[in-house]
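A.B. asks: Taken in sequence, the protein lines are chains L and C.
Residues 1 to 213 (this note's numbering) make up the first sequence, in order.
Residues 1 to 723 (this note's numbering) make up the second sequence, in order.
The reader is advised that the hints may include incorrect statements.
For lysine-lysine, the following DSBU-like pairs were computed, each having C-alpha atoms within a straight-line distance of at most 35 Å [to be verified]:
1. C:485 / C:531
2. C:485 / L:201
3. L:111 / L:201
4. L:192 / C:466
5. C:466 / C:477
6. C:615 / C:531
Heads up, incomplete: computed chain L residues facing chain C, CB under 7 Å, no partners named [what the hints assert, rightly or not]:
7. 24
8. 34
9. 38
10. 46
11. 170
Hints listed in this document are in silico derivations from the structure and should not be mistaken for laboratory results.
Ideal Cβ placement from N, Cα and C applies to all residues, glycine included.
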Amino acid sequence: MSDSMKDAVAVEPFVFATAQYESGDWDSAPMLPANVIDSVARYTSLPVRPQGVSVPLSSEAVFAYPLLFLTGHLPVRFTTREADVLRRYLVRGGLLFVDDHNHDVDGAFHKTVREEIRRVAGPLVPLPNTHELYRSFFVFENGPPTTSHEMNGWGDNLVHEQLDAVLRNGRISVLYSSKDYSSEWSFHPDNKRFLSVDNTKFAVNLVVYALTR
Amino acid sequence: MNDTRLLSRVAGVRRALTRLVYARAMLVAGSVALSAWLVVDGVRLARGSAPFTGGGSVGVVAGSALLAVLLAAWLRARRRTRDINDVRTALWIEERDTDARPASFALVTLVEALVARRAFAADLSARAIAESPLLQASASAVLARTDVPGALRRSAKNQLLGPALFVAGALSVLVVGALVRSGPSGIAGSVSRAVTGDSAMAAPIPPLGAWQVRIDAPAYMRRAPQQFGDVQNVGAVSGSTVQLRGTGPIPEQVTARLVGDAADTLAAARRERVLVPTASGDGWQVRTIATDGPVTIQLSRGGRARLLVIEGRADSIPAVSLLQPARDSVFRAPEGSLALVASVRDDIGLATARFELIVSSGEGERFTARTVAMGARRFADDRAGTIRATMDIAALELVAGDIVHLRAIARDAHPASNREYGSSETRSFRIARVAEYDSVAVEPAPPPEVDKSLLSQRMLLMLTEKLEKQRPSLERKTLMSESIKIARDQARLRQAVGAIVFQRLSGDVSGEHAHSVGDGHDHGVEQQQGKLALSGSNAGGVLEEGDDSPVIAINQPLLEAYNAMWDAGRELEQGSPTSAIPHMRLALAAIERARSAERLYLRGRPPTVIIDIAKVRLAGKDSGTTNTRRERDALPPREARRAARLVVAAQLVTGDVSAARDTLAVLRVEALGDSPAFAAAVGAVLDALGRNGDATEAFVRARRVLGGVVRTDASAWSRGVPR
């Protein structure tokens with residue numbers, strides 16, 4: 001790699017992007033981006049931008065971000081423009097991480113966003129807990145870490161054993177979670193010192209996977 | 001030999017044998033008791049402690065122990081003698097018949113039969129045996145052949161000689177030891193010197209034991225003597241007689257030493273004074289007079305020394321406080337009365353107190369002064385009291401310009417002729433001169449706050465429209481004046497609207513402050529020549545986290561109102577109400593739109609979190625170097641010497657606690673005057689030693705106090721650095 005290429009890589013830090021869509025409440029987890037950024041900075045040496053961005057899903061600006069985070073409680077209906085941009089984003093190698101903030105498989109968000117994902121990217125299939133996503137940085141022997149909301153019986157009162165994904169050429173294209181990481185990770189990063197085990201480590205795996213696979 | 005005589009003789013031998021058993025038991029018991037006594041006494045002598053004497057509790061304990069041993073031996077002997085009966089005695093006799101070998105047992109058989117017949121007359125077999133002539137003849141022959149008295153003597157010699165010799169030897173040692181202790185010269189003294197190895201010591205002099213301290217206060221204090229037990233330090237008022245009494249021989253040396261910094265050897269020597277102890281009854285006594293400062297009395301005897309610290313303190317002069325009058329004053333005329341009140345107190349006892357007035361009269365270079373006393377009172381050794389008086393100003397015959405200095409004074413019972421008295425602070429009052437009446441000094445009061453009128457844009461518009469109607473009839477100057485007044489109110493209202501806008505956008509109530517491009521201080525709006533405009537950075541489609549665009553949209557009417565007010569104010573300042581009215585109407589319309597705008601109640605605005613990457617990665621500005629420890633400043637010479645003595649005392653604690661206590665006691669009284677904090681810390685060490693507790697922490701604190709080391713308590717969140 002030439003020096004110019006190294007410089008080009010070095011000056012482009014990772015930017016955590018939250019997908020902003022027309023329907024629903026896309027900004028329901030306002031503290032999550034800062035928390036994920038904090039974890040990436042805390043555990044990795046990846047260059048990372050200290051503040052996240054919100055990117056309209058209808059804008060081609062999403063192409064600048066390798067990982068898009070999408071969450072909400074309300075029904076999701078992508079506009080034609082949004083579906084088009086998202087489809088092209090995924091074809092170009094982007095990774096969309098969708099989390100159900102309701103933690104409810106019978107909820108409006110779950111039903112509608114899975115329909116939209118199927119329409120745009122294809123059907124979601126269970127992701128094996130032995131997938132390399134769970135070993136991309138930290139090792140999660142039992143698959144996705146359980147959230148306190150699952151343990152406390154919120155939402156659908158289920159502990160979801162695994163995540164769903166749309167794979168494209170062996171790589172995760174869309175990752176879907178019913179585990180409500182939006183609630184689990186939505187706290188001020190300064191409060192991590194009160195946790196015996198940092199519950200945001202899985203976010204590091206997600207970012208590293210999106211950047212390196 | 002008939003049967004009765006035979007039995008009688010055997011019984012006599014039995015009694016002799018019984019007495020022999022008792023005698024041996026007593027001698028063995030005595031040997032054991034004397035051995036124990038000698039061992040304990042020897043150990044005490046080797047340790048340098050006083051030997052046992054015959055009296056006191058030690059004697060009672062020793063006597064009781066001896067009786068207990070003898071009783072146990074007697075009981076044991078009694079149990080043994082139960083086995084000694086006539087039959088066994090006969091056997092013992094027959095064993096001594098050396099001519100009959102093997103033994104015939106004729107005597108045993110006959111005695112056994114006789115005893116059985118005596119106990120049970122119907123025993124025919126026993127009768128037959130007892131009346132057997134052959135047996136009787138054989139038994140008589142045994143008795144005739146055996147030297148029973150000689151056998152008894154030999155047995156007594158074998159059984160008693162050893163214990164008797166041991167007892168005699170032990171008694172001899174005790175007697176010789178007593179002679180050695182009682183006589184300082186002659187053979188006994190030689191033995192003592194040989195035993196102790198100290199040629200100078202005539203006898204093992206017991207070290208100074210407990211003493212009694214008596215303090216007789218000076219006569220003027222009229223206090224009863226104070227008695228103390230075996231104390232290490234006492235407090236005494238200067239002039240008190242301190243008497244120290246003890247038992248045993250007179251101490252060889254008694255030295256009184258004024259406590260002070262001992263750096264100067266000559267000065268230290270000048271502070272020493274040798275006291276002469278005298279014999280008193282069965283002991284000794286020594287006296288000294290307490291001074292204003294601490295004094296140590298060091299007594300030496302038997303190679304060991306003890307220390308008594310006398311904390312002398314001076315009889316302080318009375319403290320007087322003038323309660324009334326409370327402050328100085330100026331009287332217009334020399335008339336009326338003045339109440340005088342003063343409180344007095346003393347550490348020992350008050351004698352007298354009174355008010356003292358000094359009246360100064362005159363003017364220019366001619367002044368006269370006179371002293372007046374009033375309110376005198378005697379006290380009966382009370383420690384505190386109050387004196388009161390009423391001063392008749394007219395009775396002082398004052399004239400204009402006279403000055404009266406007033407104070408209270410008090411004396412205690414100290415008899416010294418040059419004894420100082422205590423006095424209060426001085427108050428003064430003056431009779432004003434006529435010429436002073438023209439002088440008026442009135443401090444101006446702060447002006448009252450101006451009421452703030454409530455204004456509204458509609459009112460301002462109505463005022464402006466009214467001014468516009470009057471404009472043709474008004475002079476330009478008047479028009480300008482009225483217009484500027486409205487412009488000033490318009491500016492005030494504009495600032496209020498601006499405050500609302502900025503508060504909603506940024507939480508900053510005064511957003512009208514300087515901004516510059518790229519200063520990282522963006523409210524979402526920016527000022528352009530006094531007006532507000534949307535910030536250009538928000539024009540793009542990508543918004544930062546926590547962007548404020550919805551709020552700006554809601555405040556758009558207020559922004560328009562603000563800008564319209566700005567234009568209206570500028571026109572009014574130029575005296576042009578005609579041009580201001582359209583802007584004011586625009587502002588009013590904008591405010592109305594803001595009032596009727598749809599309310600959107602959003603959830604709480606989350607804080608904008610920008611991660612400090614360097615801080616998270618622990619790669620901030622810190623260079624990684626730790627703070628270097630700074631060497632402590634060297635202690636001043638006096639504190640350094642005290643620190644060294646403190647260390648010496650700490651080292652002594654593990655070996656000779658009493659010496660450590662003496663050192664610390666002297667150190668404490670030395671520091672009482674110039675370093676009370678250190679004295680208190682040393683006092684804490686003494687307290688810890690007195691409780692036989694661990695004094696390490698107290699020593700450490702004393703050393704820190706001496707060095708002026710200030711340590712802050714570790715906070716709950718720190719790593720708990722030990723203090």
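A.B. asks: The structure should be examined with respect to each hint, and the outcome stated for every one.
C.D. replies: Hint check results:
1. Taking the CA atoms of residue 485 of chain C and residue 531 of chain C, the gap is near 21 Å; set against the 35 Å cutoff, the hint holds.
2. Among the hinted pairs, residue 485 of chain C with residue 201 of chain L is inconsistent with the structure: their alpha-carbon atoms are about 65 Å apart, more than 35 Å.
3. With a CA separation close to 28 Å, the supplied pair residue 111 of chain L and residue 201 of chain L stays within the 35 Å bound.
4. With a CA separation close to 65 Å, the supplied pair residue 192 of chain L and residue 466 of chain C exceeds the 35 Å bound.
5. Distance restraint check for residue 466 of chain C and residue 477 of chain C: the Cα-Cα separation of roughly 17 Å lies within the 35 Å cut-off, and the hinted pair is therefore satisfied.
6. Distance restraint check for residue 615 of chain C and residue 531 of chain C: the Cα-Cα separation of roughly 39 Å exceeds the 35 Å cut-off, and the hinted pair is therefore not satisfied.
7. With 7 Å as the threshold, the beta carbon of residue 24 of chain L stays out of range of chain C, its nearest partner Cβ sitting at about 15 Å, so the hint is violated.
8. At about 4 Å, the closest approach between the beta carbon of residue 34 of chain L and any beta carbon in chain C falls short of 7 Å, and the interface hint on this residue holds.
9. Checking residue 38 of chain L against chain C by beta carbon gives a least distance of about 5 Å; that is within 7 Å, so the hint holds.
10. A cut of 7 Å between beta carbons decides the hint on residue 46 of chain L: the least distance to chain C is about 10 Å, and the hint is violated.
11. Given hint, residue 170 of chain L at the interface with chain C, is violated; its Cβ is 32 Å from that chain's nearest Cβ, farther than 7 Å.
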